[in-house]
Structures are given as C-alpha cells and as structure tokens.
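Chains as they are written, first to last, in my numbering: chain A, 304 to 414; chain B, 362 to 473; chain C, 75 to 191.
Read the hints as simulated data drawn from the structure, not as lab findings.
Be aware that a few hints might be false.
Here are the computed lysine-lysine pairs in the DSSO-like style, where the Cα-Cα straight-line distance is at most 27 Å [unchecked claim]: (1) C:Lys182 / B:Lys461; (2) A:Lys343 / A:Lys408; (3) B:Lys430 / C:Lys103; (4) A:Lys306 / A:Lys343; (5) A:Lys408 / A:Lys306; (6) C:Lys103 / C:Lys182.
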Amino acid sequence: MIKQMLALDGVLVVCHFRDDGAFVEGYGILPEDMMVRLAKFAHDYKRMVQGNADQLSMFTQMPGWTPPGGWMVRGQTASVCSVGNLVCFVDNAEASMTEVMRELKEAASYL
Amino acid sequence: MSSIDDLMQLEGASAAFSFTDRGELTEHRIADDSALTPEILDLLAHVFVANIAIATMQARGWENMTGQKGFYPIEGFTLVGLEWSAVGNGHCGVVLANDKADYEAAYAILGH
Amino acid sequence: MSVYAELAELPGVIAAGEYSYRGDRYNFKGQLEEEMARMASIMCRATTMAVHMQADILAANSGNSQLTPAQGWVVRGPGFTVCVVANVFCFVSNEAGSLNTVLAHMRKRLADVEELI
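Just chain A, same shape as in the assembly:
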C-alpha cells in the first residue's frame, strides 16, 4: 500500500515505523539498513516535534498546534517529510512537497 508513494514524482524512499521506532517496511532506493536508520530518525524527530508543539501550545495559550500533523526538513537538494508513522525521503527538484504531504496524510490514515 505505502509502496504507491513511490509513484509520486521525486519520492525516493517511503518507510513505515512503529510507535517505538522499530522499522516495519520500506521501499525505494536506500538499502534496508539505511531505511532502518531513517525510520529511527523519523520516530525520534516526531517525538521532538511533538515536544516543541506542546511547548508552543503552552507558551502561546493558542489551540491548533498539537498534536502536530507532521513535519518537513528541507535540505539543499533533498528533503525528509513525515505524517503519522510514515516518512519519505524526496528529491527537491522533482517533488511537489504539497502533493507528497497530502498523499502521506492519506496513506497514514489507513495504517
């Protein structure tokens, strides 16, 4: 199911990870050991973003920040983005982040 994410332009890797960070499945150009590391990073980053969203919520007293819907980290040529327990590694030149995030949200809702 999540393999369909690879059909989107610029999506190089998609991984599914458990709530404890364990790798469930992954598809794309990276070897499996790198996908395991990507899954671990995405899990850790998700918890960190959750923590920062909690603080933003606390300090601003403004609703709508938490729970966070996902995150994106954009590098010079590649980006990593995640929704729920899915994470994608994408090529900036080829991908539409808007489309990737929309499809990730859809795919994450079926997990």
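Once you've looked at the hints, dock chains B and C against the given chain A.
Showing chains B and C alone in chain A's frame:
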C-alpha cells in the same frame, strides 16, 4: 591566552573548540590521549547551537508565563554523556571527563 | 526517599521533580507552583527527547561512545541553572555555586537509568 587555551587547562579537559553562529567548527584543540576528532567536535558545536536556541525559546516562554526571571539570556548548555560532558556557550565549548568535571569553572571561562 | 526529594534538600536547589517520558505525569518538591512544575516537566521532556536523538546521531556518525548514551543535560541562565539526568529535573540557584555537587549527586543516584520509558 585565548578562551580555548583556558578551557584546555580545566582538569579532565579532552578538547576545546570554537564555532560559528551556525555551529561550524572554527578552531579546536584535542588532548593527545583523546579519541575525539574535529568531525565529532563539529557535531557537538551543532548540538550546542540547536539546544541553546531551544532553551532560549523556553526561557522566553517561561519568563513570560511565570514572571520568574533568571533564565534569559541562556548562558550555556551541557550534554552530560556516559563518561564525558560537553559544555558550551556563545562560540566556544569544552569536553570534560565526568568524574573530574568542574562545571562551574567551565561556565565561568565560557562566560568571559 | 526519591531522588528528586533528596535533591530538593541540597543547598542552592530551588526545586526538583521527576516526569514521565510519555504522558504528562510528574512529581516535584520545592519552591515551584503546581502549574510551573507541569510546565517544567513539559519543557524538560521535550529537551530530553531532542538530546537523546542528538546523542544517538553523534554515536552513529562518529563511532565514538564517549558521550553516549546521553545521561542528561544542563542549561544555564544568568540566575538559575536547570539540570536534568534521566527523568529527574532540578532548578539550582547560580549564587550557591552548587552545580557540581548537584550534578554529581544526580549522576550517582541515576547512573543505572538508561532507557527512555
């Protein structure tokens, strides 16, 4: 004597280094018996910049909400590892052996 | 006596507490209001998550385990310092100059705690 030299005089100092606002390593000293490398120090510099930025946000939020002052501006961040601690502030950092670490002294040097 | 209660008795310690890594439970002792302790727990939990992730990345990239696993972290302001080891936090007044004593006590008492539960 530069701050880096001062930091290396601390007991148990394994390395001392300076870095840019973005966390890129600019200068470093590593003790002869240390396994640290410039690449690790560069990563540590990025850890300092990231955590001092987050701590600054927290200090701002805390002081605004509680009225309790004394946290802002942030004057340092330390990562306490298994055997070593990395103490950083501003543009400098030092790696100290935990069993010999004098954090007060490190912060005093880093504050100047 | 729990570690945070021991810490609260040390010179220079304003307050100390413990927080759960997941959820929002916490306990504390010292000169903090209930809401401040809740906020401190949220903040300390967030930074601890970040520091553990960073330490793991450091270890994975350097092949060097001198700094990992992360035991805790310290952040210093002009008046106060916050120390965290494992899931215990401590607010210390800088004036007392007791940071070394507090951290040594925390490291000694919490040395066996490694896993983020």
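We went through each hint and held it up to the structure:
Of the pairs offered as hints, the one joining Lys182 of chain C and Lys461 of chain B holds, with about 14 Å between alpha carbons and a cut-off of 27 Å not exceeded. A threshold of 27 Å between alpha carbons decides the hint, and for Lys343 of chain A with Lys408 of chain A the separation of about 19 Å falls inside it, so the pair holds. The straight-line distance between the Cα atoms of Lys430 of chain B and Lys103 of chain C is roughly 20 Å, inside the 27 Å bound, and the hint therefore holds. Between Lys306 of chain A and Lys343 of chain A, the direct Cα distance comes to roughly 19 Å. Compliance with the 27 Å bound is thereby established for this hinted pair.
Of the pairs offered as hints, the one joining Lys408 of chain A and Lys306 of chain A holds, with about 14 Å between alpha carbons and a cut-off of 27 Å not exceeded. Taken as a hint, the Lys103 of chain C and Lys182 of chain C pair is honoured in the structure, with Cα atoms around 20 Å apart against an allowance of 27 Å.
Of the numbered hints stated above, none is contradicted by the structure.
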